[in-house]
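J.: Go by the hints and put chain R onto chain G.
Chains G and R are the protein sequences, given in the same order.
Start counting the first sequence at 433; every next residue gets the next number (our numbering).
Start counting the second sequence at 433; every next residue gets the next number (our numbering).
Calculated from the structure, these hints are not laboratory results.
Don't take every hint at face value.
Some but not every residue of chain R turned toward chain G, in silico, with C-beta under 8 Å [as the list claims (entries may be wrong)]:
| no. | residue |
| --- | --- |
| 1 | V496 |
| 2 | V505 |
| 3 | L509 |
| 4 | R510 |
| 5 | M601 |
| 6 | E610 |
| 7 | T616 |
| 8 | L617 |
Pairwise CB distance ranges, derived in the manner of DEER restraints [claimed, not checked]:
| no. | chain 1 | residue 1 | chain 2 | residue 2 | range |
| --- | --- | --- | --- | --- | --- |
| 9 | R | D490 | G | G442 | 26 to 32 Å |
| 10 | G | R489 | R | A506 | 15 to 21 Å |
| 11 | R | E435 | G | Q598 | 55 to 61 Å |
| 12 | G | V505 | R | M601 | 52 to 58 Å |
For the chain G half of the interface with chain R, some residues (derived, Cβ under 7 Å), not all of them [claimed, not checked]:
| no. | residue |
| --- | --- |
| 13 | V496 |
| 14 | L509 |
| 15 | W605 |
| 16 | A612 |
| 17 | V613 |
Cβ coordinates follow ideal geometry from the N, Cα and C atoms, glycine included.
2 protein chains.
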Amino acid sequence: MRETYHKALGSISEALVEMANLVGSAMGRATGALLDADVQLADSVISTGDRAAEMQRDLEERAVALLARQQPVATDLRMVVTSLRMSADLERCGVLAQHVATVARRRFPDHAVPQDLRRTILEMGQLAQRLMAQAAEVVITNDVDAALQLEQDDDRMDELHRAIFQHLMDDQWHHGVETAVDVTLVGRYYERFADHAVSVARRVVYLVTGEHADDFRAEPTTPR
Amino acid sequence: MRETYHKALGSISEALVEMANLVGSAMGRATGALLDADVQLADSVISTGDRAAEMQRDLEERAVALLARQQPVATDLRMVVTSLRMSADLERCGVLAQHVATVARRRFPDHAVPQDLRRTILEMGQLAQRLMAQAAEVVITNDVDAALQLEQDDDRMDELHRAIFQHLMDDQWHHGVETAVDVTLVGRYYERFADHAVSVARRVVYLVTGEHADDFRAEPTTPR
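Here chain G stands alone, though its shape is the one from the complex:
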């Protein structure tokens, strides 16, 4: 009985890590689709997002079954409840990767991202994927320092996001409104993806220390 119980708890963590890997890769591919105007890559991202949604539902079912049958208390209970929130974060990341891919798809055969923002978007995409890999690691290791580090690394995402807006507001912007709209949305999708990765790590901090590291990544109220 005990063994089944610990197995069930462990399998929830494993499912979270698997989801994190899935959506991290999806965002990497979505960035590729965006920068290369690659429709096939975009389509593969769109199906991955649906897979993340399935996994989320499956994880929720397992968590509810575990609560009903094993009635965990204390840390174990908190772990199960927290995993529900984490899986919601990760599912959302799958949707955000789909959104990035959809922007690429819509502008095909054109490129949605103008040359002068390519490097910034590439860095955002890579950072998003790296933050998600760090979040997965934190779920495995329960390493509080690594979780707090992740949050610092996310500051770079905010810088990049601001850089995009500065570029958009620049009088030199000559790519038209449609591109401005696409870039605005894409910037927001990356930023939200990173916020969810930070949120996953912060929940681990709370699990381990019992303290909310500030808040659950209160998203800054000045989104720009």
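T.: Positioned in the frame of chain G, the structure of chain R alone reads:
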């Protein structure tokens, strides 16, 4: 003991309704702040969002305590787990209202919304508030038909969102890139707010019928 238990379950529902009322009003005021370029109103919205985050945390604590002490099963267990997800939806709505208010604040004393989009934004704001009021009612009544109706009413939000993008892509657009960026973001905030209201209602459907009405409002993968 039984009485305390049912009281605790009931108080979680009440807290959800209170949160829904809070964030619904916040979005109403955020729309006012946006259309009237009213900084004081904007500031009041920003503090409301923080209140929603506090309520969310409080509700989560109570849910965990209830799971630990009362170990509910079957429908009651599912209700507690679902309430955690709903409260996350509602907390997010508080943040989205803050974002709308922040756009108003940033452009003060100018108006962020040009005259030719005023009516569309007003309708989006009113619809968002109405959808949230409907969601609150569904939480109280567990009325599946009302929940499904809410989803149909949300189609209007998608129409309005599309109308904004059509207007932005119009060759006649002469409000510049900064306004295009603001309008793009604001449109997205309203749409996400409505999605969360729909999501709350859909979770009620699942609680009552045991069936996922399609999916949890799988957000369309073509955000425009």
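J.: All hints are to be evaluated individually against the structure, with a verdict given for each.
T.: Comparing the hints with the structure gives:
1. At its closest, the beta carbon of R/V496 sits 6 Å from a beta carbon of chain G; the interface hint therefore holds under the 8 Å criterion.
2. Annotation: interface hint on R/V505 holds; nearest CB of chain G at approximately 5 Å, less than 8 Å.
3. Interface restraint check: R/L509 against chain G, minimum CB-CB distance 6 Å, threshold 8 Å, status holds.
4. Interface hint at R/R510: satisfied, since its Cβ lies 6 Å from the closest Cβ of chain G, which is below the 8 Å cut-off.
5. Here the hint on R/M601 is kept, as its CB sits about 6 Å from the closest CB of chain G, short of 8 Å.
6. Taking 8 Å as the C-beta contact cut-off toward chain G, the hint placing R/E610 at the interface holds, the least distance being around 6 Å.
7. At about 5 Å, the closest approach between the beta carbon of R/T616 and any beta carbon in chain G falls short of 8 Å, and the interface hint on this residue holds.
8. A cut of 8 Å between beta carbons decides the hint on R/L617: the least distance to chain G is about 6 Å, and the hint holds.
9. Distance hint check: the CB atoms of R/D490 and G/G442 are about 30 Å apart, consistent with the given range 26 to 32 Å.
10. A hinted range of 15 to 21 Å holds for the C-beta pair G/R489 and R/A506, which are about 19 Å apart.
11. Under the hint 55 to 61 Å, the C-beta atoms of R/E435 and G/Q598, about 60 Å apart, fit the expected range.
12. Our hint of 52 to 58 Å for G/V505 and R/M601 holds, since their Cβ atoms are close to 56 Å apart.
13. For G/V496, the interface hint holds, the least distance from its beta-carbon to any beta-carbon of chain R being 6 Å, beneath 7 Å.
14. Restraint check, G/L509 versus chain R: the minimum CB separation of about 6 Å is within 7 Å; hint holds.
15. About 5 Å separates the beta-carbon of G/W605 from the nearest beta-carbon of chain R, less than 7 Å, and the hint is met.
16. With a least beta-carbon distance of about 5 Å to chain R, the hint placing G/A612 at the interface is held under the 7 Å criterion.
17. Taking 7 Å as the C-beta cut-off, the interface hint given for G/V613 holds, the closest approach to chain R being about 5 Å.
Every hint, counting from the list given before, is met by this structure.
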